[in-house]
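Colleague: Here the protein sequences come in this chain order: A and B.
Using this note's numbering, read the first sequence as starting at 77 and increasing by one per residue.
Using this note's numbering, read the second sequence as starting at -9 and increasing by one per residue.
Calculated directly from the structure, the hints in this document are not laboratory data.
Treat the hints loosely; a few may be bogus.
[Stated by the list, open to error] Restricting the straight-line Cα-Cα distance to at most 20 Å, the calculated cross-link-like pairs of lysine to aspartate or glutamate (EDC-like) are: (1) A:K104 with B:D98; (2) A:K144 with B:D64; (3) B:K102 with B:E10; (4) B:K81 with B:D98; (5) A:K286 with A:E257; (6) A:K144 with B:D78; (7) A:K128 with B:D77; (8) A:K104 with B:D0; (9) A:K186 with B:D96; (10) A:K104 with B:D78; (11) A:K104 with B:E6; (12) A:K104 with B:E26; (13) A:K126 with B:E10; (14) A:K93 with A:D221; (15) A:K186 with B:E92; (16) A:K93 with B:D77; (17) B:K102 with A:D119; (18) A:K104 with B:D96; (19) A:K186 with B:D24; (20) A:K104 with B:D24; (21) A:K186 with B:D98; (22) A:K186 with B:D78; (23) B:K102 with B:D64; (24) B:K60 with B:E27; (25) A:K186 with B:D50; (26) B:K35 with B:D24; (27) B:K102 with B:D38; (28) A:K93 with A:E266; (29) A:K104 with B:D18; (30) A:K144 with B:E2; (31) A:K186 with B:E2; (32) A:K255 with A:E242; (33) A:K291 with A:D221; (34) B:K(-6) with B:D38; (35) A:K186 with B:D38; (36) A:K93 with B:D78; (37) B:K(-6) with B:D18; (38) B:K(-6) with B:D88; (39) A:K186 with B:E26.
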Amino acid sequence: MDQNETTICQETLQYFKIMLPSFSHEAKNVLAVINENAGLMADYILMAQKGKTLDLERLSSLSTTIRKQVARCNTLITDVRQAAQGIDNSSQTVCLVQHVRQVSELLSTKAAMRSIQFHVSAMEEPILIDTRPVLLLHIMWVCLDYAMQTGERGQHIELFLEKKGESVLVQMSGIGKLKPESITAIMPDEQRNCVLSALNAVLIIDENEKTLLLKIGKRHA
Amino acid sequence: MPDKVLLVDDDEDLMEIMSERLRNRGMDVDTVGDAEEALLWMANKHYDAIILDFLMPGMDGFETIHTIRKQQSDIRILLVTGQMPADDGRKAIQMGADVVLEKPADLDVLVKSIRPFDSN
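Using the sequences and the hints, build the whole thing.
Modeller: This is the structure in structure tokens:
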């Protein structure tokens, strides 16, 4: 295995190392809501046993909350399972929109701590690319983490996804003062360049326009 | 006198249900969505306990504990977290948290932590 492939294997593991705590945090929040729902239902049963009439509307509302949380957790688990399927780093056809949504959701708690919100804009149809999915998720994570760290509290970070020729573009705007050296603290230059090269991608940090542009090839024909 | 509890979490579903369950146990509960708002409420009302999510909008959990302790020394601080390395849990206790619980937490354990000297 050459040095580049070794770096790519290390960065693949690195993605799971940084992503799994966020997944676990979100999943535990879901469990906490379901657990409290179960507890509240047990409270209602006790009250009913003591003669209080059950509030059916309230029970229906609790049922809706549980369904919502189950759907939330199902999305999280599906995303992680899909990421795990790409761990061998083989090239796969994936939807860029889904991958960007996945990373932005996993980073949502971290973003909320800084009162930052992500907004993803893309065309209705899927944007399919042939790529190495875990590396794509990893570089998206690095870009969004960087955008958050440079952004100011309360900012909305806009992500525009579009097809351009053979490539796809992810443009991030609404970012604060960009310092190119800060991204190195998140992912050192050597590793970042290796991952970008493996993705056939280019990352442009525009300090004047306060935008990040990730150009990725190759779009699925 | 009912225990006055301030519940701080940015998950509205969780906050709504937990507050109802605490009220069912005779507590006077206020709810807020972030730490900065919690500090404002604390400046205007005396609470016996505050239940905090560690990761919240606006302020780091350690910073929140430190600020609360400076503001009110006798309040019980109960930290509930989705996940926290053991070192951070110890640090939270050193900084003034009374209890650190991992989600999903048992409400009865929380209630006992609010009323540690209540034999019922």
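Colleague: Given the hinted pair A:K126 and B:E10, is their Cα-Cα distance within 20 Å?
Modeller: 18 Å, holds
Colleague: With the threshold set at 20 Å, check whether the alpha-carbon distance from A:K104 to B:D18 stays at or below it.
Modeller: 27 Å, violated
Colleague: Decide if the proposed pair is consistent with the structure: B:K(-6) and B:D38, CA atoms, cutoff 20 Å inclusive.
Modeller: 5 Å, holds
Colleague: Between the alpha carbons of A:K186 and B:D50, is the straight-line distance 20 Å or under?
Modeller: 11 Å, holds
Colleague: Is B:K81 close enough to B:D98, meaning Cα to Cα at most 20 Å?
Modeller: With Cα atoms ~25 Å apart, B:K81 and B:D98 exceed 20 Å; violated.
Colleague: What's the verdict on A:K186 and B:D78, does the C-alpha distance respect the 20 Å limit or exceed it?
Modeller: Holds - the C-alpha atoms of B:D78 and A:K186 are around 17 Å apart, at most 20 Å.
Colleague: Quickly compare the C-alpha distance for A:K93 and A:E266 to 20 Å and report which way the hint goes.
Modeller: Given that 20 Å is the threshold and the Cα spacing comes to 19 Å, the pair holds.
Colleague: Is it true that the CA of A:K291 sits at most 20 Å from the CA of A:D221?
Modeller: 18 Å, holds
Colleague: Run the distance test for A:K186 versus B:D38: straight-line Cα separation, threshold 20 Å.
Modeller: 29 Å, violated
Colleague: Decide if the proposed pair is consistent with the structure: A:K186 and B:D24, CA atoms, cutoff 20 Å inclusive.
Modeller: Holds, at about 14 Å.
Colleague: Does the structure keep B:K35 and B:D24 at a Cα separation of 20 Å or less?
Modeller: OK: B:K35 and B:D24 at ~17 Å, within 20 Å.
Colleague: Taken at face value, is the distance from the CA of B:D98 to the CA of A:K104 at most 20 Å?
Modeller: 18 Å, holds
Violated hints, listed in ascending order, are 2, 4, 6, 7, 9, 12, 21, 29, 32, 35; each of the other numbered hints is respected by the structure.
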